[in-house]
Amino acid sequence: MTARRVSVACLGNRFRGDDAVGLLVADGVRAAGVEVEECEDEPTRLLDSWEELDLLVLVDAVQSGSAPGTVHRVDASSGTLPEGLTLTSSHAFGIAQTLELALALGRLPPRVVVYGVEGVSFAAGADVTPSVASAVPGVVAAIVRELEDGG
Amino acid sequence: MSERAKTRTIRTDYLARVEGEGAMLVKIKGDEVVDVQLKIYEPPRFFEMLLRGRQFTEAPDITARICGICPVAYQMSSIAAMEQICGVEVSDTIRALRRLLYCGEWIESHTLHVYMLHAPDFLGYASAVELARDHRDLVERALQLKKIGNDVMRVVGGREIHPINVRVGGWYRAPTHAELQALVPRLEWALEAAVATVELVGGFDFPDFEADYEFVALRQPGEYPFERGRIVSSSGLDIAVSEYEEHFVEEHVERSNALHSTMIGTGAYLVGPLARYALNSAELSEVSRAAAAAAGLGPVCRNPFQSIVVRAVETVEACNEALRLIEAYERPEPPALEVAPRAGSGCGCTEAPRGILWHRYTIDGEGTILDAKIVPPTSQNQKMIEADLRGVVSSSLDLPEAQLALRCEQTIRNYDPCISCATHFLKLEVERT
Numbered sequence: 000m001t002a003r004r005v006s007v008a009c010l011g012n013r014f015r016g017d018d019a020v021g022l023l024v025a026d027g028v029r030a031a032g033v034e035v036e037e038c039e040d041e042p043t044r045l046l047d048s049w050e051e052l053d054l055l056v057l058v059d060a061v062q063s064g065s066a067p068g069t070v071h072r073v074d075a076s077s078g079t080l081p082e083g084l085t086l087t088s089s090h091a092f093g094i095a096q097t098l099e100l101a102l103a104l105g106r107l108p109p110r111v112v113v114y115g116v117e118g119v120s121f122a123a124g125a126d127v128t129p130s131v132a133s134a135v136p137g138v139v140a141a142i143v144r145e146l147e148d149g150g
Numbered sequence: 000m001s002e003r004a005k006t007r008t009i010r011t012d013y014l015a016r017v018e019g020e021g022a023m024l025v026k027i028k029g030d031e032v033v034d035v036q037l038k039i040y041e042p043p044r045f046f047e048m049l050l051r052g053r054q055f056t057e058a059p060d061i062t063a064r065i066c067g068i069c070p071v072a073y074q075m076s077s078i079a080a081m082e083q084i085c086g087v088e089v090s091d092t093i094r095a096l097r098r099l100l101y102c103g104e105w106i107e108s109h110t111l112h113v114y115m116l117h118a119p120d121f122l123g124y125a126s127a128v129e130l131a132r133d134h135r136d137l138v139e140r141a142l143q144l145k146k147i148g149n150d151v152m153r154v155v156g157g158r159e160i161h162p163i164n165v166r167v168g169g170w171y172r173a174p175t176h177a178e179l180q181a182l183v184p185r186l187e188w189a190l191e192a193a194v195a196t197v198e199l200v201g202g203f204d205f206p207d208f209e210a211d212y213e214f215v216a217l218r219q220p221g222e223y224p225f226e227r228g229r230i231v232s233s234s235g236l237d238i239a240v241s242e243y244e245e246h247f248v249e250e251h252v253e254r255s256n257a258l259h260s261t262m263i264g265t266g267a268y269l270v271g272p273l274a275r276y277a278l279n280s281a282e283l284s285e286v287s288r289a290a291a292a293a294a295g296l297g298p299v300c301r302n303p304f305q306s307i308v309v310r311a312v313e314t315v316e317a318c319n320e321a322l323r324l325i326e327a328y329e330r331p332e333p334p335a336l337e338v339a340p341r342a343g344s345g346c347g348c349t350e351a352p353r354g355i356l357w358h359r360y361t362i363d364g365e366g367t368i369l370d371a372k373i374v375p376p377t378s379q380n381q382k383m384i385e386a387d388l389r390g391v392v393s394s395s396l397d398l399p400e401a402q403l404a405l406r407c408e409q410t411i412r413n414y415d416p417c418i419s420c421a422t423h424f425l426k427l428e429v430e431r432t
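Note that the protein sequences, when read in sequence, are chains V and P.
With the first letter of the first sequence counted as 1, position 94 gets the number 93 in numbering that gives the first Met the number 0; the numbers rise by one all the way through.
With the first letter of the second sequence counted as 1, position 301 gets the number 300 in numbering that gives the first Met the number 0; the numbers rise by one all the way through.
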C-alpha cells in the first residue's frame, strides 16, 4: 500500500487580529513535526498540489456567531461548506470558492476536512483574542490525530 | 407617480471579486446621481505606525505583509526609498533581478484578476467557479499562468508570497543561471498563453464608456515601467519621485478611514494599467504591441472596462520581459551592497500591478525608522472610481436594478481595487429616492 498523501494548509494574516489563528495553528502543527503550507494570500495557488492528495486539512478563522474560540470541524469532501459558516479571510478568492473551483476542475481531494476557529476581532494590528488563542492547542492536537487516524 | 413608485432601493450586500472587501454607496434621486461614496472601514495607517522604531532594513519584510497579492511592490518601493536615503545605487545586475521578480508578481496578479475576477463579468458568469464548469480550459490556463508567476517569485524571491530574499542593497542570494534557465520553457508557454489571453479578452463586449482621465505613471526612457522612473502625467507633469508631495495631496474623508489622493490643480487622477499603457505604450516590446494592436487597442485606451485587455497586454509584456532578463542574466557578485544607515528622508515609487505605490521614510543615523508614509495605488484611484461610478450610473439609469447593481460592481472591478491593502468588508448599496 502506498503512503497516503496529505496536506495541511493554514490560512490567515498575522496582522489582522483573530485572522492570525490559522497561522498560530500552523506553528503548532509544524512543531509537532508535520509539514504545513501557510497561505497569507489568495488560496487558488494551493490548487496546484490538490490533485495528488488523499486528504486535505484546511484551517482558517470563521465568523458564524458562535462564541469566540469555538472550533468547527467540517467535512468538506463534497466541495461545499455549510451556509452560515463564513470564512473570514480577506483573500480575493475565498477558501469556500477555492473548494468549489477544485470540484469544478476535478482537483478536489477525496477527503477534505476544514477546521474553522471562531474569531471576533479582525482589525489590523489587533491582538488575537485570548479565548481564540486558547483554542489553538486543541486544534493542533485534533489535526495530528486526524492525520494519524487516517494514516 | 406615487411617492411609493418614485422610491427605490437597490442593495447588494456583498461585492465579490475584488481584493479584500469594502463598501460602495450610490444614491440616486429621480434621474440624478446625488452621491457616490467608496467607504473604507479599516485603519490603513496601521503599518505606518508599526514601522516606527524598526530598523530601516526591516521595511521590505514588514511592508510586504500589507498585501498578499502585491508584496513585491511594497518591497521594491521601500527598498528604493531606503537606498535613496543612504545614498546607494545598486548595480544593473542587481536591478535586473528586481525587475524579474516584479515580472513574476505582475503575471500572478494580472492573471488572477483577468481570469478569476474580471472575465466572469464579460462571459456572463457569477464567478470563476461557474466559468470553470463550462470553460475548464480557460481556468486551467489561468491557474498555469498564475503558477508560472509564482514560480518566478519563488526562484528569484525565495518564496512565492512575501519573498524573503529581498534586502536593502540587493539580495541575500542571487539565483544561478541554471535555476533561471529552468524557468524558460514554462515562460515560453506562458508568453503564448498570455497572447491567447489578449485575443480572448479583446473579443469581449465592452460597455460604451470613456472618460477624460488624468493618467499618472512612472516613465523610464527605454523601458516599460516597473521598478524605477520619473512620475509623469498625461497633462505634462514630469517630476522626480521625491517631488510627489509637492503635486499630490491626501485628504482625509470623513466617512472613511482612508485618505483620498488628489493631484493639486487637477483633482482626481488615475494610476494603474490604463495609465501606464497610455504613457508608455511606445516602450512595449514588439510582441506586446502586436497583441495590443490585434485586440484593437490604440496607443491610449480611455474605456475603463477595457482595462482587462490592457492587463492582458501587460501580462504578455511581463512574460516577454522575464524571458529577456533571464537571457541577459549576469549573476550579481556580490549579491548585495552593504548599506550603512544615514540620517535623512527619502522616497521610493514603483509600479505595483494596480499602479504607482509611493513610500517616504525618515530614518536616524542608527537606521531606526522615525516616520513612514505609504500611498497605495487603490487609495490614489478612489476618487476616480467614484467619478467613474457617477458617470456609469448616470448613463445607465434605464437599466433594471439588478443589472445596474452589476454594472456598478463591474465599474469597481475595472480598477482591480486591492482594497485588502486598506480595508476589509465590501458592501454595495444603491439607493434610489
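Derived by calculation from the structure, the hints in this document are not laboratory data.
One thing to keep in mind: the hints can contain errors.
[Stated by the list, open to error] Label pairs and their computed distance ranges (CB to CB): (1) V:R13 <-> P:E337: 41 to 51 Å; (2) P:D204 <-> V:R144: 52 to 62 Å; (3) P:F203 <-> V:A140: 45 to 55 Å.
[Unchecked claim] Straight line, CA to CA, 25 Å or less: simulated SDA-like cross-link-like pairs of lysine to any residue: (4) P:K26 <-> P:F208; (5) P:K26 <-> P:T261; (6) P:K28 <-> P:K372; (7) P:K26 <-> P:E385; (8) P:K372 <-> P:H259; (9) P:K372 <-> V:D126; (10) P:K372 <-> V:G124; (11) P:K372 <-> V:A122; (12) P:K372 <-> V:A125; (13) P:K372 <-> P:T175; (14) P:K26 <-> P:S395; (15) P:K382 <-> P:E191; (16) P:K372 <-> P:F208; (17) P:K382 <-> P:E408; (18) P:K372 <-> V:T69; (19) P:K382 <-> P:L122; (20) P:K26 <-> P:R389; (21) P:K382 <-> P:V248; (22) P:K372 <-> V:A141; (23) P:K28 <-> P:G390; (24) P:K372 <-> V:F14.
[Claimed, not checked] Not close to chain P: a few residues of chain V, all C-beta gaps over 12 Å, as computed: (25) L46; (26) L52; (27) V73; (28) Q96.
Just so you know, these numbers come straight off a predicted model, no measurement behind them.
Backbone N, C-alpha and C define an ideal beta-carbon position, used for all residues, glycine too.
Checked hints:
In this structure the hint that R13 (chain V) and E337 (chain P) lie 41 to 51 Å apart at CB is violated, the actual value being about 30 Å. A hinted range of 52 to 62 Å holds for the C-beta pair D204 (chain P) and R144 (chain V), which are about 53 Å apart. Between F203 (chain P) and A140 (chain V) the CB atoms are about 51 Å apart, so this pair conforms to the stated range of 45 to 55 Å. With a C-alpha separation of about 20 Å, the suggested pairing of K26 (chain P) with F208 (chain P) holds against the 25 Å cut-off.
Distance restraint check for K26 (chain P) and T261 (chain P): the Cα-Cα separation of roughly 23 Å lies within the 25 Å cut-off, and the hinted pair is therefore satisfied. Restraint check for K28 (chain P) and K372 (chain P): not satisfied, since their Cα atoms lie roughly 39 Å apart, outside the 25 Å limit. For the given pair, K26 (chain P) sits about 12 Å from E385 (chain P) by alpha-carbon distance, which is consistent with the 25 Å threshold. Distance check on the hinted pair: K372 (chain P) and H259 (chain P) sit about 14 Å apart at the alpha-carbon level, within 25 Å; holds.
Distance hint between K372 (chain P) and D126 (chain V) is fulfilled; the C-alpha atoms sit about 23 Å from each other, no more than 25 Å. Distance hint between K372 (chain P) and G124 (chain V) is fulfilled; the C-alpha atoms sit about 17 Å from each other, no more than 25 Å. Only pairs whose Cα atoms come within 25 Å are accepted, and K372 (chain P) paired with A122 (chain V) is accepted, the gap being roughly 20 Å. Between the alpha carbons of K372 (chain P) and A125 (chain V) the distance comes to roughly 20 Å, so the proposed pair stays at or under 25 Å and holds.
Restraint check for K372 (chain P) and T175 (chain P): the C-alpha separation of about 36 Å exceeds 25 Å, so the hint is violated. Between K26 (chain P) and S395 (chain P) the alpha-carbon distance is near 14 Å, which keeps this suggested pair within the 25 Å criterion. Between the alpha carbons of K382 (chain P) and E191 (chain P) the distance comes to roughly 36 Å, so the proposed pair goes past 25 Å and is violated. Between K372 (chain P) and F208 (chain P), the direct Cα distance comes to roughly 35 Å. Violation of the 25 Å bound is thereby established for this hinted pair.
Between K382 (chain P) and E408 (chain P), the direct Cα distance comes to roughly 16 Å. Compliance with the 25 Å bound is thereby established for this hinted pair. For the hint linking K372 (chain P) to T69 (chain V), the alpha-carbon distance of about 38 Å lies beyond 25 Å, and the restraint is violated. For a cut-off of 25 Å, the pair hint linking K382 (chain P) to L122 (chain P) is broken: about 28 Å separates their Cα positions. At most 25 Å may separate the alpha-carbon atoms for a hinted pair to count; K26 (chain P) and R389 (chain P) meet this at roughly 10 Å.
Between K382 (chain P) and V248 (chain P), the direct Cα distance comes to roughly 12 Å. Compliance with the 25 Å bound is thereby established for this hinted pair. Of the supplied pair hints, the one linking K372 (chain P) and A141 (chain V) is violated, its CA atoms being roughly 43 Å apart against a limit of 25 Å. At roughly 15 Å between alpha-carbon atoms, K28 (chain P) and G390 (chain P) fall within 25 Å of each other, so this suggested pair holds. Taking the CA atoms of K372 (chain P) and F14 (chain V), the gap is near 18 Å; set against the 25 Å cutoff, the hint holds.
Chain P draws L46 (chain V) into its interface by the beta-carbon criterion, the shortest separation being 6 Å against a cut-off of 12 Å. Here L52 (chain V) stays apart from chain P, with its beta-carbon at least about 16 Å from theirs, past the 12 Å limit. With a least beta-carbon separation of about 18 Å from chain P, V73 (chain V) lies farther than 12 Å from that chain, consistent with its non-interface assignment. At the 12 Å boundary, the C-beta of Q96 (chain V) falls inside the reach of chain P, the nearest C-beta of that chain being 6 Å off.
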